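With the sequences and hints as input, model every part of the structure.
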Amino acid sequence: MDKHSQHHFLFGFSVALLLCIAALRSASTAAAEGPTAVVQQTADAVVAVLANKSLASAQKRAQIEQIVYAHFDFTTLSKLVLARNWKQLSPAQQHDFVEEFKRHLSVTYGRNVETYNNERAVITGDREESNGDWTVKTKILRPSAADILVDYRLRKQDSTWQVIDVIIEGVSLVANFRSQFQEILTSSSPDHLIELLREKNAKGEPLKS
Amino acid sequence: MTTMRPSRTTFLAIVLALLGLLCAPAGAADNQRSDGDPIEGFNRGMFWFNDQVDTYVLVPVATVWDKVMPNRVQRSLANFFDNLRFPIVTVNNLLQAKFKNAASDVGRFAVNTTVGVAGFFDPASDWGLEAHNEDFGQTLGYWGVPPGPYLVLPILGPSGVRDGAGLVPDGFMAVYPWFIDIVYTVSARAVDVVNTRSLYLKQVEEAKAASIDYYTAVRNAYIQRRKSLVNDGAAATKEESEDLYNIDKEVVE
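Protein chains in written order, with the working numbering: chain U, 355 to 563; chain P, 11 to 263.
Worth double-checking, as some hints may not be accurate.
[What the hints assert, rightly or not] Distance windows between CB atoms, simulated:
| id | chain 1 | residue 1 | chain 2 | residue 2 | range |
| --- | --- | --- | --- | --- | --- |
| 1 | P | GLU250 | U | ASN406 | 17 to 25 Å |
| 2 | P | ASP242 | U | ASP545 | 41 to 49 Å |
| 3 | P | VAL116 | U | TYR423 | 23 to 31 Å |
| 4 | U | ASP545 | P | ALA128 | 28 to 36 Å |
| 5 | U | GLN447 | P | ILE192 | 56 to 64 Å |
| 6 | U | LYS493 | P | ASP191 | 35 to 43 Å |
| 7 | U | GLU549 | P | LYS77 | 34 to 42 Å |
| 8 | P | ASP64 | U | GLN420 | 31 to 39 Å |
| 9 | U | GLU549 | P | ILE192 | 20 to 28 Å |
| 10 | P | ASP191 | U | GLU549 | 50 to 58 Å |
| 11 | P | ASP64 | U | VAL401 | 31 to 39 Å |
| 12 | P | ASP191 | U | SER541 | 49 to 57 Å |
| 13 | P | ASP242 | U | GLN511 | 28 to 36 Å |
| 14 | U | ASN471 | P | ASN143 | 19 to 27 Å |
[Said to hold, decoys possible] Now the stretches of chain P that chain U is said to cover, found in silico as 3 or more residues with beta-carbon under 8 Å:
| id | region |
| --- | --- |
| 15 | 221-233 |
| 16 | 247-254 |
Hint data in this document are derived by calculation from the structure and do not stem from the laboratory.
Quantities reported herein were computed from a predicted structural model and do not represent experimental measurements.
Here a beta-carbon is modelled for each residue, glycine too, at the ideal position from N, C-alpha and C.
As structure tokens, this is what we get:
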């Protein structure tokens, strides 16, 4: 091994180790951490992956997916999004819906991995909501464009704080999807909705190899 | 996108039409928790028309523009046109009694017009004089005027009766219609529109991909965004918060 590739290897190894430690840390300490710490850790972990030039896009996406999946409560998110319609779904349909909706979010937001341009996230505040949820306010700083305000709503599930909504510049993801799914479900069946999501996911998978 | 340059009579006609709409079904739309859209048929037609114009005219032009123009130039042009919105933002801050923000806007305009070379650069933001997003629709909302029904305007896109009416006074306040020849005004507007669109090519594509029902997604995003702008990002009221997040009891049997 020449000196150059040795350097490369060492660098790669140390990054892997760091990520490993970060993942372990967030897994073991999340229970004790408050909502703000959870958002901070998640954002830091995601930015670390995005900024890691030694990873290919697909690897980045896979790692970010793992981080996000660990801190988002997709079942609650799905219930909130479907609201009253949730009960219309059979347990099997509910399961399918959660899976397809999760995949939809992953597919559509995973695209941004390729356009990462040194954005950073800073926490600007937090507050407790009347029902015990917490809202953590953040700002995405972009080097050559206006900041983007992103709020996260978190709920405590089994002593862990998990994200149940993302509010971008005042637009709640839950409210936005609720309006869309409500529209679809007034004129068609839950099966049709799940099928629509499935089709969209199959079409939108950009990094399928 | 904002106004073209209609004549005064057109302005007047629009004002009257919009005021008429604002008086009538606004209350009814407010009762429903879902996004009120009493003229959905018209809106969907207009939305489709706008999308056609966007897809077949604006996007191809903006794509070429995006390829030809260095990103720095695109940003500078966007800064330049933002700077020209100074009277709109400042006057609407004054109308909402946000005097500190209005003072900051004046400082921002002064800095960016001089140090920022006629507004092509934005040193003011680095100096803590941040840009504000204000317009007459927000001013009306600030003083309690309800948004009224959702309204998709031709070419201008998603709006509402209140916000659509607000475009009229804002149009009068725009810097360039008043003392520049119409040819330059129209050309400047064209450059503004194409340049702005060129900066959002990816975002719009993503929004289309991310939505299951694009029309509803845009309508809901518009309504939420405007509400947030009117109350300057204040937390949702207890009722709204409960409607959105406390449905577990009904949902879990």
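**Message:** Just to be sure I understand the hint, the distance between the Cβ atoms of P:GLU250 and U:ASN406 should be within 17 to 25 Å; is that true here?
**Reply:** Violated, since P:GLU250 and U:ASN406 (Cβ atoms, about 39 Å apart) do not stay within the stated range.
**Message:** Given the hint of 28 to 36 Å, is the C-beta distance from U:ASP545 to P:ALA128 inside that range or not?
**Reply:** violated, 59 Å
**Message:** Range first: 35 to 43 Å. Now tell me if the beta carbons of U:LYS493 and P:ASP191 are that far apart.
**Reply:** This hint holds: roughly 42 Å between Cβ atoms.
**Message:** Between the beta carbons of P:ASP64 and U:VAL401, is the distance compatible with 31 to 39 Å?
**Reply:** About 33 Å separates the Cβ atoms of P:ASP64 and U:VAL401, which means 31 to 39 Å holds.
**Message:** Just to make sure I understand the rule, a stretch counts as covered if three or more of its residues have a C-beta closer than 8 Å to a C-beta of the chain. Does the region 221-233 of chain P meet that for chain U?
**Reply:** holds (count 8)
**Item:** Consistency of beta-carbon spacing, P:ASN143 to U:ASN471, with hint 19 to 27 Å
**Value:** holds, 23 Å
**Asked** Regarding P:ASP191 and U:GLU549, is the given constraint of 50 to 58 Å on their beta-carbon distance met?
**Response** holds, 56 Å
**Prompt:** Would you say the C-beta atoms of P:ASP191 and U:SER541 sit inside 49 to 57 Å of each other?
**Reply:** At roughly 52 Å between Cβ atoms, U:SER541 and P:ASP191 fall inside 49 to 57 Å, so the hint holds.
**Item:** Cβ separation of U:GLU549 and P:LYS77, checked against the hinted range 34 to 42 Å
**Value:** Since the Cβ atoms of U:GLU549 and P:LYS77 sit about 38 Å apart, the hinted range of 34 to 42 Å holds.
**Request:** With respect to the beta-carbon atoms only, verify the hint that P:ASP242 and U:GLN511 lie 28 to 36 Å apart.
**Result:** With a Cβ separation near 32 Å, P:ASP242 and U:GLN511 satisfy 28 to 36 Å, so the hint holds.
**Message:** Quick check on a hinted range of 56 to 64 Å for U:GLN447 and P:ILE192, using CB atoms only.
**Reply:** holds, 59 Å
**Prompt:** Would you say the C-beta atoms of U:GLU549 and P:ILE192 sit inside 20 to 28 Å of each other?
**Reply:** The hinted range 20 to 28 Å is violated for U:GLU549 and P:ILE192, with Cβ atoms some 53 Å apart.
Violated hints, listed in ascending order, are 1, 3, 4 and 9; each of the other numbered hints is respected by the structure.
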